Amino acid sequence: MLASFCGKKVMRELSGVILNRGSKLCNFIEWRGLKVVYKRYASLYFYMCIDQEDNELEVLEIIHQYVEILDRYFGSVCELDLIFNFHKAYFILDELLLAGELQDSSKRAVGHMIAIHDRFVEAVKEEANSISNLIAQVNM
Amino acid sequence: MNPFSSGTRLRDMIRAIRACKTAAEERGVVRKECAAIRAAINENDHDYRHRNLAKLMFIHMLGYPTHFGQMECLKLIASAGFPEKRIGYLGLMLLLDERQEVLMLVTNSLKQDLNHTNQYIVGLALCALGNICSAEMARDLAPEVERLLQFRDPNIRKKAALCSIRIIKKVPELAENFINPAAALLKEKHHGVLITGVQLCTDLCKISEEALEYFRLKCTEGLVKTLKDLVNSPYAPEYDIAGITDPFLHIRLLKLLRVLGQGDEDASECMNDILAQVATKTESNKNAGNAILYECVATIMSIEDNGGLRVLAINILGRFLSNRDNNIRYVALNMLMRAITVDAQAVQRHRATILECVKDLDASIRKRALELVYVLVNETNVKPLTKELIDYLEVSDEDFKGDLTAKICSLVKKFSPEKIWYIDQMLKVLSEAGNFVKDEVWHAVIVVITNSPDLHGYTVRALYRAIQTSADQESLVRVAVWCIGEYGDMLVNNIGMLDVEDPITVTESDAVDIIEIALKHHTSDLTTKAMALIALLKLSSRFPSCSERIKEIVAQYKGSLVLELQQRSIEMNSIISKHQNIRSTLVERMPTLDLLQWEEQQSGSIPTTTSTSAHASINIPNGVAKPSSAPLVDLLDLNSDDVPAPSSSGGDFLHDLLDVDLSKQSGVNHSPNNGTNALMDLLSIDVLSSPSSNSVQPTSSAGAIDLLDSFATNSPIQENNGPAYPSVVAFESSNLRIGFNFSKLPGNPQTTIIKATFTNLSPSVYTDFIFQAAVPKFLQLHLEPASGNTLPASGNESITQTLRVTNSQHGKKSLVMRIRIAYKMNNKDVLEEGQINNFPQGL
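Protein chains in written order, with this note's numbering: chain A, 1 to 140; chain B, 1 to 843.
Think of the hints as simulated: they come from the structure by calculation, not from any bench. Predicted model, so just to flag it, every value in this text is computed and none were measured. Heads up, a few of these hints could be off.
A short, non-exhaustive set of chain B residues, derived as facing chain A with CB atoms under 7 Å [to be verified]:
(1) I14
(2) I17
(3) M71
(4) L74
(5) A78
(6) G81
(7) F82
(8) R166
(9) N290
(10) A291
(11) N323
(12) N327
Glycine included, each C-beta is placed from N, C-alpha and C at the ideal position.
So that you can see chain A by itself, here it is in the shape it has in the complex (with noise of 0.2 Å):
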């Protein structure tokens, strides 16, 4: 599978094919020689970009495997979620895809990952809290 570096020029004119695409038609695309498979969830777009050899209907699988991820994380998770906290969807996304392909087909272990880095960022915070706080008593 292709990485989703393509450029942003190219992706923003494929998210223009894509955007007027008819809602009955099928869920991929050729377009100047790529291949793209997407999928609609309420107001947003998922795309995908692949090889030729690759199965579009597993493709698809995959996004809504990534999905629901999300939806487990952020619980019911929506645009705004994503746009806020676009980093962690990126965490999550390099939990589910490493080089272009799958690493694990259990939506649990995935989320475990995630929740075990989360901790690690909360154990941190906390320990540079307690420090200032530490710091701060002493200057008073």
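Fit chain B to the known structure of chain A by using the hints.
Chain B in isolation, oriented as in the chain A frame:
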């Protein structure tokens, strides 16, 4: 509060940006944030580095430049803590790509992190490496990744497996190192490791023959068993999708089995049972099941033949094709493409459905279906299929027309059983979608028309009719204008009527009308107008009674602001008014354009013209070197906008070089530049010479005469040698030798005839051989077409080419020449250049 933070948290910045009502407002906010971030970077602030990078990434996603933040990523990655590294690596992946040199600086950090005690940090490093590493980084860090393939934690093993895929893609030579560890992964139970391991093996097989052999031998049975267990496994909630356990693993296993079974009887034998089981037992009411069936059919089609399995596959295909779900039909069309090579009959049976799909509402399905139809066409079904496609052409929408037209033209060209059918179909296409037709296509139509003398009358009448209704299709107008000009007499006198034709009355005046309309139509572009002018010239000769009227029409362009039209108009007017004696010779019937050479050129064996104008000319280099003066008038000159050089070896490739030198020369070959160029085009493909024209005597008109002049002198050249000059080896490299033989015409000491001989000194054959030369201003250079453009190896045969150099400083300066030779050796382009200074004295 740190003075170098803009004070806003990430979400505040995002909120502020979203609240902007105009682009200018947004730019203002972004600018302010960037300024604060820049200041923080300059002061090497580390408290808010994390937050600043997150902001930068958002700004980057909006489309603003953020290269100043790249080093921040590196600093964050080099920090000790997990949160910093995490955001740093993300920044790296988003803001940089493998082309940036900054990336190299990360290699050391990556190496350390790959060896970190915290396995989650190892995971971060593997992720970054797997997504964007360059070839050098891959080489440096491959040993670490190899080691991690055997790490204790499966989550690291699976990441290492995928990271390895990128490494072997970037550095294929390292593939061998990964074969054994990859094979070990296939025996695991953890689904994540299995999926990634199978993927790694699949990619290894694609890259390395050795890997393919190894896995085929050692792992096929194990994989079949794994798939079997998976298919028969009980309900597993963690991996269940639509009632199937881990469809992703199903699909990857099927893919790997496909790679292993392809071309190998034993391996294919081994997997027949499980493939049959998957094909029959998989539920096809949900997408997951269909995805598996899709993959299964693809595998069955690729491995070695098993009748029963193939039947199963074709059945599934048939079901998919008639499914109402567009996705399924799309996928079915894809499958059918694959099935063609395996069982063409079965696919032909679905021809009707496929044709229906060409007319589908869904653009993606139409595209797939069209490709499929293209592959399905053969001699027996070409006529009905073409008819269907052309019928659809009339109703299809604009974006599809281009594709459809191209395919139809290609089909018609490939399979046309007889010329009249070809002409009929092409006329239909031109009438319907002429504006989408590529230049080569309508050029080819003209070539075929000239090759069908008994159809000339039929064609010109058909075109006459067509242009009445479809004058908006530019290509049709051009072809029609050309034909009416050329065969106008047939049109008017109803010559060569076929039984199928209805009689039609066209007067000479009508014919001229049509051309005049084409000439004056506001949508006609330069090429069409230029062609129309020439057509008028022809008609002025064929219809003497219209000559005056034509002269007036042509004269209207004498003052045209477009140089090409002005020039043509003046020249033609001149011919019509003052040179009636040569006019008819000038516009004699075109000889048959050589179909074979034309096709050869189109298939790419001879390089096509490198003309920079939008319209390619029928430029067939290395044509017969016996130019005749018969069709002197440019009939197909389409290089209207260029000022091409008068000399060419039949190809435009010299124009860059020679143009510069020769266009500065005064007089001689200058004024009928365009005429001469096209002249070369046509004459180099002309097979018939018309001896009568050689006797035409030069008169005072500069243009046409020079054309005659230069060609009239060609034939005697070889016979008359002046004083002998020694031959030289003009150029020699390890691969090539060029020898020059010199001779002069008696009475013309300024001009030297050089016969160049090219010899291949290497053991490989050279193809696409092109010789180019350039000379300083005081010299004039003319190249004849070369004897060929394939140079056999080891000097078995040579290519020869004749050059003519005229030295305006004869006696004062000697000849000098810069040369450039281009050819293909072992499919690689080779370019050699040099300067020739060793011309004998007195040339």
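Cross-check of the supplied hints:
no., hint, result
1, I14, "6 Å, holds"
2, I17, "10 Å, violated"
3, M71, "19 Å, violated"
4, L74, "18 Å, violated"
5, A78, "16 Å, violated"
6, G81, "5 Å, holds"
7, F82, "5 Å, holds"
8, R166, "4 Å, holds"
9, N290, "6 Å, holds"
10, A291, "4 Å, holds"
11, N323, "11 Å, violated"
12, N327, "5 Å, holds"
The structure is inconsistent with the numbered hints 2, 3, 4, 5 and 11, although it conforms to all the rest.
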